[in-house]
Amino acid sequence: GAVVSQHPSRVICKSGTSVKIECRSLDFQATTMFWYRQFPKQSLMLMATSNEGSKATYEQGVEKDKFLINHASLTLSTLTVTSAHPEDSSFYICSVGVSRGYTFGSGTRLTVV
Amino acid sequence: QKEVEQDPGPLSVPEGAIVSLNCTYSNSAFQYFMWYRQYSRKGPELLMYTYSSGNKEDGRFTAQVDKSSKYISLFIRDSQPSDSATYLCAMSQKNSGGSNYKLTFGKGTLLTVNP
Chain X
49 GAVVSQHPSR VICKSGTSVK IECRSLDFQA TTMFWYRQFP KQSLMLMATS
99 NEGSKATYEQ GVEKDKFLIN HASLTLSTLT VTSAHPEDSS FYICSVGVSR
149 GYTFGSGTRL TVV
Chain R
3 QKEVEQDPGP LSVPEGAIVS LNCTYSNSAF QYFMWYRQYS RKGPELLMYT
53 YSSGNKEDGR FTAQVDKSSK YISLFIRDSQ PSDSATYLCA MSQKNSGGSN
103 YKLTFGKGTL LTVNP
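Chains as they are written, first to last, in the working numbering: chain X, 49 to 161; chain R, 3 to 117.
Note that these hints are calculated values from the structure, not bench results. It is possible that part of the hints are untrue.
[As the list claims (entries may be wrong)] The calculated lysine-lysine pairs, modelled on DSS-like cross-linking and capped at a C-alpha distance of 25 Å, are:
no., chain 1, residue 1, chain 2, residue 2
1, R, Lys4, X, Lys68
2, X, Lys89, R, Lys58
3, R, Lys44, X, Lys68
4, X, Lys62, R, Lys104
5, X, Lys112, R, Lys58
6, X, Lys112, R, Lys104
[Said to hold, decoys possible] Pairwise CB distance ranges, derived in the manner of DEER restraints:
no., chain 1, residue 1, chain 2, residue 2, range
7, R, Lys4, X, Lys103, 37 to 43 Å
8, X, Ser102, R, Asp80, 44 to 50 Å
9, R, Thr114, X, Gly149, 25 to 31 Å
10, R, Ser28, X, Ala120, 24 to 30 Å
11, X, Glu111, R, Ser54, 34 to 40 Å
12, X, Gln108, R, Ser84, 34 to 40 Å
13, R, Gly11, X, Thr130, 34 to 40 Å
14, R, Asp80, X, Cys61, 41 to 47 Å
15, R, Gly61, X, Leu74, 25 to 31 Å
16, X, Arg157, R, Arg79, 41 to 47 Å
17, R, Gln33, X, Met93, 32 to 38 Å
[Stated by the list, open to error] Partial pick of chain R residues on the chain X-facing surface, computed with a CB cut under 7 Å:
no., residue
18, Lys44
19, Gly45
20, Pro46
21, Leu48
22, Tyr51
23, Arg62
24, Phe107
25, Gly110
All values reported here derive from a predicted model rather than from experimental measurement. Heads up, the beta-carbon is just placed ideally off N, CA and C, and yes, glycines get one too.
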């Protein structure tokens, strides 16, 4: 499977600021990457599908203006949480893969204070 | 009814026990079935992947799919303390655009294997 690197692993930011999370596919040209959010003791919920060179596809209920996704190359997708609020505090995870055996990044723990 | 149901546990077993983890699903469109292991504060790691009814074995792990009953299981033999983690079932189907496969996860079962 693919090797996925996600950075940073932890970030604490002030309410109202923006935070950028990077997801890199190290050995796989990923035309598509996926962004998930996981709240404590909850499952992973798909937020959006990141498409290289085109707009991301957001799941119902996810604000596209708040969670900005950029997939400028086949190896890098970024998720920017804009004007973060405490309720955005969560574990954000990216993944790559096709049809099966998705590989996940190590996740980013975001805490908004 | 949620698309994927998984008992969150927690499940505590002694070392060496056989562990059985289960998920049920309601969406007949699911084509691929996976089990992931997630350690605390880490991303999920793929353990098993199957696409047809029946059993698939890999070392101490056996994945079982029963499409007629919409039921999947993961069995862990000779469980070890290092197996202590959250186990997530996941299922995929093509998304509405038809170009990608969308994963739907169960809530995860927290397993503790005691030495």
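Quiz item: Which numbered hints are broken by the structure, listed smallest first?
Solution: Structure breaks hints 1, 2, 4, 5, 7, 10, 16, 17 and 23.
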